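Visitor: Residue-level listing of the chains:
Protein chains: 4
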Amino acid sequence: MRYTLSLSCADRVGIVAKVANFLAERDGFIVESAQYGDPSTSRFFMRTVFTTKDDHPLDLKAWKEAFKETAGLFEMDWKLKSNLEKTKILILVSKASHCLNTLLNQYATGTLNVDVAAVGSNHLDLEDMCKFYKIPFHYLPITQATKPLQESKIFELFQSYDADLLVLARYMQILSPELTQKLQGKAINIHHSFLPSFKGAKPYHQAYERGVKLIGATAHYVSDDLDEGPIIEQEVLRVDHNETPEELVASGRDIESVVLARAVKYHVEDRVFLDGRKTVVFK
Amino acid sequence: MRYTLSLSCADRVGIVAKVANFLAERDGFIVESAQYGDPSTSRFFMRTVFTTKDDHPLDLKAWKEAFKETAGLFEMDWKLKSNLEKTKILILVSKASHCLNTLLNQYATGTLNVDVAAVGSNHLDLEDMCKFYKIPFHYLPITQATKPLQESKIFELFQSYDADLLVLARYMQILSPELTQKLQGKAINIHHSFLPSFKGAKPYHQAYERGVKLIGATAHYVSDDLDEGPIIEQEVLRVDHNETPEELVASGRDIESVVLARAVKYHVEDRVFLDGRKTVVFK
Amino acid sequence: MRYTLSLSCADRVGIVAKVANFLAERDGFIVESAQYGDPSTSRFFMRTVFTTKDDHPLDLKAWKEAFKETAGLFEMDWKLKSNLEKTKILILVSKASHCLNTLLNQYATGTLNVDVAAVGSNHLDLEDMCKFYKIPFHYLPITQATKPLQESKIFELFQSYDADLLVLARYMQILSPELTQKLQGKAINIHHSFLPSFKGAKPYHQAYERGVKLIGATAHYVSDDLDEGPIIEQEVLRVDHNETPEELVASGRDIESVVLARAVKYHVEDRVFLDGRKTVVFK
Amino acid sequence: MRYTLSLSCADRVGIVAKVANFLAERDGFIVESAQYGDPSTSRFFMRTVFTTKDDHPLDLKAWKEAFKETAGLFEMDWKLKSNLEKTKILILVSKASHCLNTLLNQYATGTLNVDVAAVGSNHLDLEDMCKFYKIPFHYLPITQATKPLQESKIFELFQSYDADLLVLARYMQILSPELTQKLQGKAINIHHSFLPSFKGAKPYHQAYERGVKLIGATAHYVSDDLDEGPIIEQEVLRVDHNETPEELVASGRDIESVVLARAVKYHVEDRVFLDGRKTVVFK
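Chains as they are written, first to last, in UniProt numbering: chain A, 1 to 283; chain B, 1 to 283; chain C, 1 to 283; chain D, 1 to 283.
It should be emphasised that the hints constitute simulated quantities derived from the structure, not laboratory data. All figures in this text were calculated on a predicted structure; none of them were measured in a lab. Among the clues, some could well be false.
As the list makes no split between identical chains, a pair holds if one copy fits it or if it spans any two.
[What the hints assert, rightly or not] Below 30 Å or equal to it, Euclidean Cα-Cα: the simulated DSS-like pairs (lysine-lysine) are: (1) 86 x 202; (2) 153 x 61; (3) 265 x 283; (4) 147 x 182; (5) 18 x 147.
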């Protein structure tokens, strides 16, 4: 069994020493670890994967209790998890199926270490796919008038399922600042362009107009400011002058699915840290 | 020996037939050919590489004369070249050496089928490198007051060397609309970002601020509108949270050099066509 | 509506002229076309996408009849299709779901212009997924003793469904030469390595042992010689020293799915031509 | 000023704690750090970049002396360097200039933190380029008969210049086991293929024959076994059916230069560790 300790705090001398001592005293055997201090934000980030002597399971509750002292010393944001703990996710979609399809397949095959609590949507198109994967589906229609109500339902779902992460898998509604503020660092969106290029609507059409030679996809944490949230992962794909906007849309689906799934993977493996407007991602 | 016929014209039925007949009647043996009709601009583009029977050299002058009839029929922009003809280029640089270094090495080794007529610069830093490659170097200092004069010197050089192409290899001055208009489709710039992201100054610093996970470089034809010219080629490079703006600058040099050299290669091989705000590139 | 004429034949002067004349005489409006003559095999390849005047549908049967003369002249292998014709595919799988999942989603969303006739498998694991997509599923168990019989059933299915293409979507059985010979140029396999590296079994474990920094996937036509068939498409993915063979297997799924789907797309769009041991792919 | 401590040793509990304590006691401020324990070789690897309080320079000699105790405890291979220390490299070339050209440009611009001690070659072609960069050039002609003598001269040069690293920048001679054994982990070669594909001579011609859709380049430590040394870095480039072997050779130069320079950069920044037949590279 493997355990992951991830943390961030204001940067100063001695953090790694304290944490490493904590692990060493308890026979924690470091498999993989990374640290980074961002000079521009003065924040320090650390992620450590460790096993135990003879691989016997440790008493997580006791360890967490014990770590509180070290954590308090540095005012850390921290998490300690075994690799058996699955991150609980709530997925929002609209009509496009490709991202959901990839996420659910990776969930079903165990590629993604998640528990898909439920899927919500403002359309009924993807209900069948959820049934196939035996995932609860919530129909959440929305009009301008019902938006506040619909969003409160989303948040209720998030809470009632005790979800850790909201994944916007080509959900075509813009979340209000009220909701995004409650979900800071807990909601990942996929934008179908190489941000900051082509923000907003119809990015592939914008890309076509501009004549770019590569199109992209960007997974980012949702923030108040549309398409301005901290970027987690990006990927690009070479395109040609002969591709119509519709063909760009089709080609782009592959990288959207891959980039979103990869960002969710990084998140659930505690590889991603918010660092001001940016992220630190330990790969 | 190989010949390249490249052309563009208003799109209509029968262009390929006419051109192919012209070649077939003269025993032109098509090695490689590509055509594209852009529905959004109603322009047609064609590039054909052919050899001759028994590989005996053809009378280019006579062929050109003969092709005028077909060309006139469709009001074509066209070019017919043997692969022995080298494109004559004038390069402008400032202080950064990496792009010039790659261009001159590819010129010297024959990788780029060009004849470097001369290098001009507003600084003296790269004079020695030009001497090493036995390329004339022109010192063209510039102040706000002398800009019109300096630019007229650039254009004089371009004309006196009978240059076909101006390559801005990290030349850190913005050309005036007067000059760019005279050089439409004949001047290639390298911008050190993945356009349209991060236009203008210090793109790597902008990229750092935004926290992108890939940086890019873009080679484009120069137009009146800074960093808005038709894109010829782009490339990206994965970067990490721990890279400082200065490290991004250093990492980016590799792709800047490669992308600029590739764009020049496409241009001199007559693979690139202006198509409104975009380019058609037959690879 | 768009039509695609694709052909190959022994190379000589005048092929493009003949074909282009044929199209021009019938008001065929070329949207996109590419030609290539391979000097090493002396074969010529051509793919032309065209529309008709005022976009009125053409009489495909009559056109095909008429084209026979030109085709006969050059002893062409050729195909003329409208973009409404779907390629009928039979898919073989074993237990792994990721490739099938991507293919069926792209089929259902119309991203792939195919009609999935049926899925066959030596295991029952993916029967449910086929049901969800309303695709007939054929259980084809296999032992060493029953291999000839099982393969004859596969071929019967292929014929009875009147399939155009067999897609091996991580089907973990090696087809016998008897079967592969009957399916030359009509069966695409995905191999989970960057061929010719790591042929045969457990390529990700081989890649781990060798310590490569990129892993790959290769889609190729099936031939007698295992993993030696003509390559259609390849892609790679950067990996890290800290990835276990199991993690490489998981990471590789993304590129396997993408590469296989892309190869099928190229094939059904008549972009791929067999050229000796290689392929010509017009993108 | 920044300091880098890099080390490897047999894996056990408490290594990070000991090292981090050592740093913390001396007010070492960790900027960036990575650790990895390879279960397949039971080796542990660590690289830490740190600064000092108020950025005052530390007494490296005293630190090294002090660290010996910790190092001894774990029988570490270790290195402690300031970022002002340049790695001294000896470069071997034959006739091809592109890799040398990139290395020397990156050296001259400070992109690579190296001191190029000298260049040796079995040909005179690149003597002028070395003169331009004011680098000593040693002509080391070789015949089958003189090979042992020539190699002893290479090693003498390596020793007399007190070089840290030998870089084979398209040096077209195979080093004998006698020499490679003396240079284990201290000699980097660039092979012009995506290893393990296309070992040995004329890899681009092999790639052409096989019809691969991507070509590659591999930088690796030199070992007894030709093209089997531990891989440091690899990159690929998309190619097309219409590229001749000669064009593949030309296209490949870009990635050869980039990959070799990147591998040298990783090495001189102490990011690379030998781990059996593989490398650990902390990026």
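Visitor: A separate judgement is required for each hint: does it hold in the structure or not?
Guide: Each hint tested on the structure:
1. When the C-alpha separation of residue 86 and residue 202 is checked against a cutoff of 30 Å, the pair qualifies only between copies, where the shortest distance is 28 Å, while the shortest distance within a copy is 35 Å.
2. For a Cα distance limit of 30 Å, the shortest separation of residue 153 from residue 61 qualifies neither inside one copy, at 33 Å, nor across copies, at 57 Å.
3. Taking the shortest Cα distances, residue 265 and residue 283 sit within 30 Å of each other both inside one copy (11 Å) and across copies (20 Å).
4. When the C-alpha separation of residue 147 and residue 182 is checked against a cutoff of 30 Å, the pair qualifies only within one copy, where the shortest distance is 16 Å, while the shortest distance between copies is 54 Å.
5. In this homomeric assembly, residue 18 and residue 147 never come within 30 Å of each other (Cα to Cα): the closest approach is 48 Å inside a single copy and 56 Å across copies.
In terms of the numbered hints stated before, the structure departs from hints 2 and 5, listed from lowest to highest.
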